[in-house]
Amino acid sequence: MKRNPAIRILSIISAVVLLCLMMSMTANAASAQENKPEYSSFDELNGKTISMLTGAPFEELISSKIPNVKQFTYYSTSSDMVLAALSGKTDAFLQNTAIGELFVNRNPGLALFPEPLKEAQFGIAFSKGNKELGKWQAAYDKVCAGVLDELWDKWTGLDESVKTLPEQDWAGKNGTIRVAACDSIEPMSYLSGDGELKGMEVELILMMAKELDYKVSFMPMEFSGILAAVEGGKADICCGSLIITPERSEVVNFIPHHDTAFILVVRSAAPEEAAGFFESLSESFRRTFIVEDRWKLMLTGLCNTLIIAIASGIAGLLLGFFMTTLKRKNNKIIDAVIAVYNTLVAGLPAVVILMLLFYVVFGKTDISAVIVSILGFTLIFAPKAYSVIWSSLNAIDKGQLEAALALGYTEKKAYRRVILPQAKKIYFPLLRNQFVLLLKETSVVGFISAMDLTHAGDVIRGRTLEAFFPLMTIAITYFILIWLFTLIINKGNDIITKRNAREAEKE
Amino acid sequence: MSLLKITGLSKEFEGVTPLKSIDLTVEQGEVISIIGPSGTGKSTLLRCINRLETPTSGSVIIDGEDICSKGTDLTAVRKKVGMVFQSFNLFGHKSILENIIMPQMDLLGKSRSEARSEAILQLRRVGLEGRAHNMPDELSGGQKQRVAIARALAMHPEIMLFDEPTSALDPTMVTEVKNVIRHLAEDGMTMLIVTHEMRLAKDISTRVLFMDQGEIYEQGTPDEIFNSPKKELTRAFVLRITSWNWSTLKNGRDFIAMISSLEEFCRSCFMSRKMMNSCEMVFEEIYSNYFLPLFEKDDKAGAEFILEAQGENDKLTMSVISEGTDKDPFAAEIDETALLILKNKATRIPSDKKNTAVFEIKI
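Protein chains in written order, with the numbering used here: chain A, -2 to 504; chain B, 24 to 386.
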């Protein structure tokens, strides 16, 4: 039964070494120094894979320049595309120049393709009904136009310390203006690590508002919601890397600001000499953990993962036990309820259950995502715990219960003293494995915006635009976490068993 | 006042022979064996007494308390009634000693040292104090059953129920358990024993109940039930389980079938291997030397063989009745070796019945 501890330790060490090795390989991949592009003419891109964000309609544009694209692939976030390009899954991806330059500045492994695909212009959108557009345009011309390039460099640059906004210290005699702002697209409009809305367009709006003496109330929201907010009258202005197109101009009015272009981002040409492994690793470490105190985010994620897993594990276990006691009563209605509940939970993915709870059941309430996660995983874990415990109880011979009853035990006490201790060797390892599965399964709580370890990693990836290091960090953290948990559960069990045995020995 | 009084006890449930209005009174110190064919409600009756089964109607009064009425503290009554199961049901997660200590501490509120000395005492009583620290899995069936008895005794019950205590045991282990039960009877323990062990029932009971179709069909002293049963079913049952019978005219002349049937009977009586061999050899020599030659000459001739235990000291006899012929088969000359074997294993004893030869098998 017991494995040799030396073999155990060896296997764990080798697993960690393996993960670190993978990490070093990825670190090397990202350690290119010069930003010279790997491809520099459209011809070279023939037969390559090109990616874009899901739903971006640019295949025709690309095909007009590069007739023989091998295939188009689609990703849901920009940081995923960076990861795909660096690992060779894709050869080029489409972005606007603002985001593209930011990527390239942050990530030496990437470079801008020299020829833009199509010229365009960013704009700040105003509702069609806004009669004061002229006033705003005048204010823009007066205070913004002159400093536009300065702002561009500030917000697409690497120096995070200069990316600050002016305080709204003016009186705001003309009232408050509502701005729907995208919460996640750097450098125009995004939430920084500490939850503050930042970005170039945010600053532009503040400058205009100061000139016109308006207070500004920002509403951060997903990109897909900003235009609708203006159209629907919930906001007066919206911003978020909006590129002026004829379709968009039909529903809103734009104040154009900086020129941009659709551009391909490619890998940089292989450098003569890669930076030192430890150098690049320490740079990755600095970016992932030190900058903006991102380790705090990781720590929050780790804590939330632990809280969600442990709380829902314990609550689910209790609920599971409670269900077995109910089941013992042999009541048809209770049995039916339990059966329906089990089937329901078994038939739905964890993510779907969480989203249903968060957006439907608790949609109207102000309950935190972590609490909903705990509740959701309690509901998911309970049937598993229940079926493990129930089947282990049934595996114990009926005669054991009868013998205990005949001696004068109550049924409850018979279960506690005779049946459960014997069922333990069946249910204990199964429950332990289920708990480990639960801990891993909690990685989906990011879907309902709970900040767990995986989601923290995603956020950091989104900010550093460097995918490997956070990913490997998270992999190693999960691995160690699960190993520790298994260890603690086993040790705890050993200690309890030994204590009971000692008590029995006392004479 | 009687220790146990059962009145009008009925139990009906699907698929099982019901109990039909059983009345039974048990006095202090009585040892009652319950015998009868399988599926006649013997175990159900026993299990109704400590309410492992809930009776449909009637009352079971133990020590003045009716276990069937609602207000009764079932656990308190069960502590007065020890039960031993066919399948032992020792608690698998506890050592032998702990099996006996735990219920005393949990249910009687004894201290560990009190419970422990009681456990040792009871283990000594069943001869197993040497195995106190073994786990149940490490014991033989007979030893497990003795521990189960010790566990029940440690609770100081006023009455002990045995539900086929030897049925799950190898023949070799039956004796040790039977001896323990015998000693208990001698110590004056009030007991109800459901058993197929007729010798046990015969030897230790003060009363034997024969059950059939959920009723107490006949009851009496062991002598009345086993030696002069009054009712037909009892007689047939007692005869069937205490004797073996084969008629060549009725059952055919297949020798292998005969030997197998004889062997099965010997096993069901828990005969020793040696004894069984003797029975088989005696039968074989008589059949092949005296009767086979006769059958070859005369197709209508036949014989009936009866093996039974007779009289007070359980003499085992084989009676051979010739049928369909006037000749005395035993008049024939037979092989000397065969004769020697026969003489070695059995003695012919005089019989007053016509055409009958009786051999007593030597023990």
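One thing to keep in mind: the hints can contain errors.
Calculated lysine to any residue pairs in the SDA-like style (CA-CA distance at most 25 Å, straight line) [what the hints assert, rightly or not]:
(1) A:K115 - A:S189
(2) A:K409 - B:M128
(3) B:K28 - A:E399
(4) A:K422 - B:S163
(5) B:K225 - B:E35
From chain B, some residues computed to sit far from chain A (all C-beta separations above 12 Å) [stated by the list, open to error]:
(6) I84
(7) D96
(8) V107
(9) F108
(10) S110
(11) N112
(12) N122
(13) Q127
(14) R135
(15) Q242
(16) S251
(17) K253
(18) E359
(19) A361
These aren't lab readings, by the way, just hints derived from the structure by calculation.
Computed from a prediction, not measured in an experiment: that's the story for all the values here.
All residues carry an ideal CB built from backbone N, CA and C; glycine is no exception.
To see whether the hints hold, each was checked on the structure:
Distance hint between K115 (chain A) and S189 (chain A) is unfulfilled; the C-alpha atoms sit about 30 Å from each other, more than 25 Å. Taking the CA atoms of K409 (chain A) and M128 (chain B), the gap is near 16 Å; set against the 25 Å cutoff, the hint holds. A threshold of 25 Å between alpha carbons decides the hint, and for K28 (chain B) with E399 (chain A) the separation of about 23 Å falls inside it, so the pair holds. With a C-alpha separation of about 23 Å, the suggested pairing of K422 (chain A) with S163 (chain B) holds against the 25 Å cut-off.
At roughly 31 Å between alpha-carbon atoms, K225 (chain B) and E35 (chain B) are farther apart than 25 Å, so this suggested pair is violated. With 12 Å as the threshold on Cβ separation, the claim that I84 (chain B) sits away from chain A holds: the shortest Cβ distance comes to roughly 18 Å. The Cβ of D96 (chain B) does not lie farther than 12 Å from every Cβ of chain A; its closest approach is about 10 Å, which violates its non-interface assignment. Here V107 (chain B) does not stay apart from chain A, with its beta-carbon only about 9 Å from theirs, under the 12 Å limit.
Annotated as non-interface, F108 (chain B) brings its C-beta within 12 Å of a C-beta of chain A; the closest such distance is 6 Å. Some Cβ of chain A comes within 12 Å of the Cβ of S110 (chain B); the nearest lies about 5 Å off, and the non-interface call is violated. Remark: the non-interface label on N112 (chain B) conflicts with the geometry, its nearest Cβ contact in chain A lying 4 Å away (cut-off 12 Å). Not every beta carbon of chain A lies more than 12 Å from that of N122 (chain B), the smallest distance being close to 10 Å; the non-interface claim is violated.
Remark: the non-interface label on Q127 (chain B) conflicts with the geometry, its nearest Cβ contact in chain A lying 9 Å away (cut-off 12 Å). Chain A draws R135 (chain B) into its interface by the beta-carbon criterion, the shortest separation being 6 Å against a cut-off of 12 Å. The non-interface label for Q242 (chain B) is consistent with chain A: the shortest C-beta to C-beta separation is roughly 25 Å, beyond 12 Å. No beta-carbon of chain A comes within 12 Å of the beta-carbon of S251 (chain B); the shortest separation is about 36 Å.
Its beta-carbon lying about 35 Å from the closest one in chain A, K253 (chain B) satisfies the requirement of being farther than 12 Å from that chain. Separation of E359 (chain B) from chain A is adequate, the least Cβ-Cβ distance of about 57 Å exceeding the 12 Å criterion. Against chain A, the non-interface label of A361 (chain B) holds: every CB pair exceeds 12 Å, the least being about 51 Å.
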